[in-house]
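Chains as they are written, first to last, in our numbering: chain A, 2 to 491; chain B, 2 to 491.
Hints were generated in silico from the structure; no laboratory data involved.
Among the hints, erroneous ones may be present.
No more than 20 Å apart at the CA atoms, straight line, and that leaves these computed lysine to aspartate or glutamate pairs for EDC-like [stated by the list, open to error]:
| hint | chain 1 | residue 1 | chain 2 | residue 2 |
| --- | --- | --- | --- | --- |
| 1 | B | 138 | A | 451 |
| 2 | B | 320 | B | 250 |
| 3 | A | 481 | A | 56 |
| 4 | B | 395 | A | 61 |
| 5 | A | 486 | A | 442 |
| 6 | A | 467 | A | 451 |
| 7 | B | 132 | B | 161 |
| 8 | B | 138 | A | 442 |
| 9 | B | 316 | B | 380 |
| 10 | B | 138 | A | 62 |
| 11 | A | 138 | B | 63 |
| 12 | A | 138 | B | 61 |
| 13 | A | 398 | B | 93 |
| 14 | A | 490 | A | 61 |
| 15 | B | 79 | B | 110 |
| 16 | B | 395 | A | 451 |
| 17 | A | 138 | B | 62 |
| 18 | B | 138 | A | 61 |
| 19 | B | 138 | A | 56 |
| 20 | B | 398 | A | 61 |
| 21 | B | 160 | A | 208 |
| 22 | B | 490 | A | 442 |
| 23 | B | 275 | B | 295 |
| 24 | A | 395 | B | 442 |
| 25 | A | 132 | B | 62 |
| 26 | B | 486 | B | 110 |
| 27 | B | 481 | B | 80 |
| 28 | A | 486 | B | 61 |
Number of protein chains: 2
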Amino acid sequence: MPALLLLLSLGSVCCLQRGLSAPPLTSHRGPAGRAQPRSAAPYQYRTRYFSQKIDHFGFDEDHTFQQRYLVADQQWRKDNGSILFYTGNEGDITWFCNNTGFMWDVAEELNAMLVFAEHRYYGESLPFGNKSYSDSKHLNYLTSEQALADFAILIQHLKETIPGARNAPVIAIGGSYGGMLAAWFRMKYPHVVVGALAASAPIWQFEDLVPCGVFYSIVTNDFKKGGQCCSESILNSWGAINRISSTDEGLKWLSHAFHLCSPLKNQQDVAVLKAWLSETWVNLAMVNYPYKADFLQPLPAWPIQVVCKFMKNPKLPDKLLLQNVFQAANVYYNYSGAALCLNTSESATRNLGLMGWYYQACTEMVMPMCTDGVNDMFEPRKWNLHAFSEECFKMWKVRPRPSWIPSVYGGKNISSHSNIIFSNGRLDPWSGGGVTLNITDSLIAIVIPEGAHHLDLRASNPGDPKSVLQARALEVHYMKQWIEKSRHKH
Amino acid sequence: MPALLLLLSLGSVCCLQRGLSAPPLTSHRGPAGRAQPRSAAPYQYRTRYFSQKIDHFGFDEDHTFQQRYLVADQQWRKDNGSILFYTGNEGDITWFCNNTGFMWDVAEELNAMLVFAEHRYYGESLPFGNKSYSDSKHLNYLTSEQALADFAILIQHLKETIPGARNAPVIAIGGSYGGMLAAWFRMKYPHVVVGALAASAPIWQFEDLVPCGVFYSIVTNDFKKGGQCCSESILNSWGAINRISSTDEGLKWLSHAFHLCSPLKNQQDVAVLKAWLSETWVNLAMVNYPYKADFLQPLPAWPIQVVCKFMKNPKLPDKLLLQNVFQAANVYYNYSGAALCLNTSESATRNLGLMGWYYQACTEMVMPMCTDGVNDMFEPRKWNLHAFSEECFKMWKVRPRPSWIPSVYGGKNISSHSNIIFSNGRLDPWSGGGVTLNITDSLIAIVIPEGAHHLDLRASNPGDPKSVLQARALEVHYMKQWIEKSRHKH
Numbered sequence: 002m003p004a005l006l007l008l009l010s011l012g013s014v015c016c017l018q019r020g021l022s023a024p025p026l027t028s029h030r031g032p033a034g035r036a037q038p039r040s041a042a043p044y045q046y047r048t049r050y051f052s053q054k055i056d057h058f059g060f061d062e063d064h065t066f067q068q069r070y071l072v073a074d075q076q077w078r079k080d081n082g083s084i085l086f087y088t089g090n091e092g093d094i095t096w097f098c099n100n101t102g103f104m105w106d107v108a109e110e111l112n113a114m115l116v117f118a119e120h121r122y123y124g125e126s127l128p129f130g131n132k133s134y135s136d137s138k139h140l141n142y143l144t145s146e147q148a149l150a151d152f153a154i155l156i157q158h159l160k161e162t163i164p165g166a167r168n169a170p171v172i173a174i175g176g177s178y179g180g181m182l183a184a185w186f187r188m189k190y191p192h193v194v195v196g197a198l199a200a201s202a203p204i205w206q207f208e209d210l211v212p213c214g215v216f217y218s219i220v221t222n223d224f225k226k227g228g229q230c231c232s233e234s235i236l237n238s239w240g241a242i243n244r245i246s247s248t249d250e251g252l253k254w255l256s257h258a259f260h261l262c263s264p265l266k267n268q269q270d271v272a273v274l275k276a277w278l279s280e281t282w283v284n285l286a287m288v289n290y291p292y293k294a295d296f297l298q299p300l301p302a303w304p305i306q307v308v309c310k311f312m313k314n315p316k317l318p319d320k321l322l323l324q325n326v327f328q329a330a331n332v333y334y335n336y337s338g339a340a341l342c343l344n345t346s347e348s349a350t351r352n353l354g355l356m357g358w359y360y361q362a363c364t365e366m367v368m369p370m371c372t373d374g375v376n377d378m379f380e381p382r383k384w385n386l387h388a389f390s391e392e393c394f395k396m397w398k399v400r401p402r403p404s405w406i407p408s409v410y411g412g413k414n415i416s417s418h419s420n421i422i423f424s425n426g427r428l429d430p431w432s433g434g435g436v437t438l439n440i441t442d443s444l445i446a447i448v449i450p451e452g453a454h455h456l457d458l459r460a461s462n463p464g465d466p467k468s469v470l471q472a473r474a475l476e477v478h479y480m481k482q483w484i485e486k487s488r489h490k491h
Numbered sequence: 002m003p004a005l006l007l008l009l010s011l012g013s014v015c016c017l018q019r020g021l022s023a024p025p026l027t028s029h030r031g032p033a034g035r036a037q038p039r040s041a042a043p044y045q046y047r048t049r050y051f052s053q054k055i056d057h058f059g060f061d062e063d064h065t066f067q068q069r070y071l072v073a074d075q076q077w078r079k080d081n082g083s084i085l086f087y088t089g090n091e092g093d094i095t096w097f098c099n100n101t102g103f104m105w106d107v108a109e110e111l112n113a114m115l116v117f118a119e120h121r122y123y124g125e126s127l128p129f130g131n132k133s134y135s136d137s138k139h140l141n142y143l144t145s146e147q148a149l150a151d152f153a154i155l156i157q158h159l160k161e162t163i164p165g166a167r168n169a170p171v172i173a174i175g176g177s178y179g180g181m182l183a184a185w186f187r188m189k190y191p192h193v194v195v196g197a198l199a200a201s202a203p204i205w206q207f208e209d210l211v212p213c214g215v216f217y218s219i220v221t222n223d224f225k226k227g228g229q230c231c232s233e234s235i236l237n238s239w240g241a242i243n244r245i246s247s248t249d250e251g252l253k254w255l256s257h258a259f260h261l262c263s264p265l266k267n268q269q270d271v272a273v274l275k276a277w278l279s280e281t282w283v284n285l286a287m288v289n290y291p292y293k294a295d296f297l298q299p300l301p302a303w304p305i306q307v308v309c310k311f312m313k314n315p316k317l318p319d320k321l322l323l324q325n326v327f328q329a330a331n332v333y334y335n336y337s338g339a340a341l342c343l344n345t346s347e348s349a350t351r352n353l354g355l356m357g358w359y360y361q362a363c364t365e366m367v368m369p370m371c372t373d374g375v376n377d378m379f380e381p382r383k384w385n386l387h388a389f390s391e392e393c394f395k396m397w398k399v400r401p402r403p404s405w406i407p408s409v410y411g412g413k414n415i416s417s418h419s420n421i422i423f424s425n426g427r428l429d430p431w432s433g434g435g436v437t438l439n440i441t442d443s444l445i446a447i448v449i450p451e452g453a454h455h456l457d458l459r460a461s462n463p464g465d466p467k468s469v470l471q472a473r474a475l476e477v478h479y480m481k482q483w484i485e486k487s488r489h490k491h
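So here's chain A without its partners, still in its complex pose (with noise of 0.2 Å):
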């Protein structure tokens, strides 16, 4: 289980018990009828759906499903227009596509259609309506390499369907898991995209391509960073938690201290509580935005700063300093004020597919990940695969296969490969699984010390620190040149 859940931080909370069913095959405009302001969603775009093979790589399976894409063409110019194509990850498209403001606001310098595909199994992309997600037969098409596919075969249909879009150069954009699907994109299909801007994508979080405990660690200096003795104060959180739990009473005066909606009944429960204060911990490091923000969470500006001025003292007695987690966790669960009290089994991030990414890293995206509490502040754990194949295998009756994703996608040994861009916020836990160094002149490392999770994907803001405008600019700046000199190829 912790295994597993030390995995959540890139999606979250299910969007499949609903059951949604197949997607209408018509397409229809966005609630929005005019331009929106730039940092208010929704932005105006219309729904298409596409007839996508189920099994891209064999015969046997031979039906289709309908893959949602969401279009905006207010800035395309057909005479010389590009197509800025988002490759969609481990959640609802119509929530990257609010989410990903960089590419509305560049989309009139470079005279672009906007494209956002949605995932394979995410969304209303779902290849077998309400069963896709019933066994591991209809699990079986949930993979990278579908959704690669997937991307391909739309991309080359909008450019036999629109007009003017034939010649136009494609270049993908992504972030998180969605830029690690760019990158890979334009690796295993240089023919379809002239490049790829992957921001804050871990492609190295595999195997032992990076040590496991990278990630845990950023998390860490970022607390470290925060505000004095934070970092000190959760590690020594978690002591103080096992002290106190160990007896009924203390059990009783943790569910109210922490306001649990569920008292905590037995050391199962402890566990939990703790894997999602750890979880708390971590996606406060991704979303640790300059400004206001509502990415995972409504959240104030620089919110490690605020929630590490409730722990400035880890010195504290156990009672006292876990009331102090307690307020510093609840600034990111219950920053509207309007929560009566918190729930340990919701988890911290809303609009992913949960689900989904489960059962993806437990096949494709194993990223191994482990914490010693001495280059972290957080309790020991191991890399454990084999207790974490068993789980899976007792989930999905699937096992990981560790190395698949290096093997097919090259690991660290990619500098045959030409026209992407690595960008990665330095605060930004992923950032240790991902390019920092240049390694190529054409395979770009862009890291943006003040940056968390691919904060160069969002919308421009008066927040914005320097070295975020900064690396937009040098992103458009390769784009323009990709587009150029495809230009001269026509």
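With the hints as your guide, set chain B onto chain A.
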């Protein structure tokens, strides 16, 4: 039926009816105890087996099968050796091993270990033993993508287990479909192979990338060059067969004149006879080597010249013309003089996996072919995808996806790749779908004017024309360059 037969040229004669069981797990040494003279197969190698996932691209089917591969390390140098890796195509790998003398000839110069990897579903590498071809469910994993993944995982295994191999540069080499695989392997797995020699690889014989008539027009040109009026004789032979076969007496005469093992009974048999003759001319074009050879059949040097000696007068009366055509075909089928009768149901190519290639042609490897009787010497036949698809569905319960190969491997838009040599013999009908002009300074085309189907991959021979010697020298030059460049990385 005819549409399928057109595609036979890349593969034939089923080896599956034999009902091969799973191969032994232990390796054994080849029969020969010492180095063989270069022209005489078998060469000395060890046979090995490696456990491969049946499905690399899905996790529901988690079983493995034993992939056969052959290793020859007599010339291998641990300190600065290279690995030449044959990307096996549609047949028993020992046959390709013994017919790719070029690799044996250059092993010493490149300090190379030779590895010949068998393609799944051929030879002994049957994913489901003798059930592998039982239905579309079992055939589902017979794709080029799965084969490439096998190669990548196998090479990874070799690098991890063979002392000194970890940093050894690997070069993919293949001919025909194997050449396509070699090229695609470098495109999709550039982290695994530093370059590829793709000999006679018709990677553009798909969709409308080249005119569908190019293949048969090259065959025709070969016969035009083979002797005066030779192609006209063949062109006229179809009408003669049609006229004579219109009566029962004519059918009897034809059966006798062609020494057929089973007499012709009806027009369907006549169609088979004509298809069999077409295939004979096609195969002669493919193996029109400048010296006595036994590739598909034992044949004299420049066999087209030999057969054309029998077809100098296209204006002869029907029966005389057809008697000459028989003499010509008899060179191909009965050069040894041992055959008592000719069998039109027996394919003209041996050692290859007919069933497997049939299936591949019905799924991914959809290579449009057509004839018009004007630019070629064949009866006019249009490319009919619909009819082809119906046949495929009848036979395998699958339907071809003609646009998939260009979508996944890039079609003509492959310039962002590197380090691939495309070699083609000008005489080879498959050169029409091949890359015969340089694309970039590292995507090199080598054309061998006197070459038939991958002549350059054959063992060196005193009868080799200068052009193939030059081609091989250039190939070695580039391979050395790739090896040299990769050394600087480590």
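For the pair supplied as a hint, residue 132(B) and residue 161(B), is the alpha-carbon distance within the 20 Å limit?
-> Roughly 32 Å separates the two Cα atoms, so the pair is violated.
Does residue 62(B) lie within 20 Å of residue 132(A) when you go C-alpha to C-alpha?
-> 19 Å, holds
Taking 20 Å as the top limit, are the C-alpha atoms of residue 395(B) and residue 451(A) close enough?
-> 62 Å, violated
Please work out if residue 316(B) and residue 380(B) have their alpha carbons no farther apart than 20 Å.
-> 17 Å, holds
Are the Cα atoms of residue 481(B) and residue 80(B) separated by 20 Å or less?
-> The hint holds at about 16 Å.
Going straight from one Cα to the other, do residue 320(B) and residue 250(B) come out at no more than 20 Å?
-> The hint holds at about 13 Å.
Distance restraint between residue 490(B) and residue 442(A), which requires alpha-carbon spacing of 20 Å or less | 16 Å, holds
Going straight from one Cα to the other, do residue 138(A) and residue 61(B) come out at no more than 20 Å?
-> Given that 20 Å is the threshold and the Cα spacing comes to 6 Å, the pair holds.
Would you mind confirming whether the straight-line C-alpha gap from residue 160(B) to residue 208(A) stays at or under 20 Å?
-> 17 Å, holds
Is it true that the CA of residue 398(A) sits at most 20 Å from the CA of residue 93(B)?
-> Roughly 35 Å between the alpha carbons, so the hint for residue 398(A) and residue 93(B) is violated.
When you check the alpha-carbon spacing of residue 138(B) and residue 442(A), does it fall within 20 Å?
-> Measuring from Cα to Cα gives roughly 46 Å; hence the hint is violated.
For the pair supplied as a hint, residue 486(A) and residue 442(A), confirm whether the alpha-carbon distance does not exceed 20 Å.
-> 15 Å, holds
Comparing the model with each numbered hint stated earlier shows that hints 1, 3, 7, 8, 13, 14, 16, 23, 24 and 28 do not hold.
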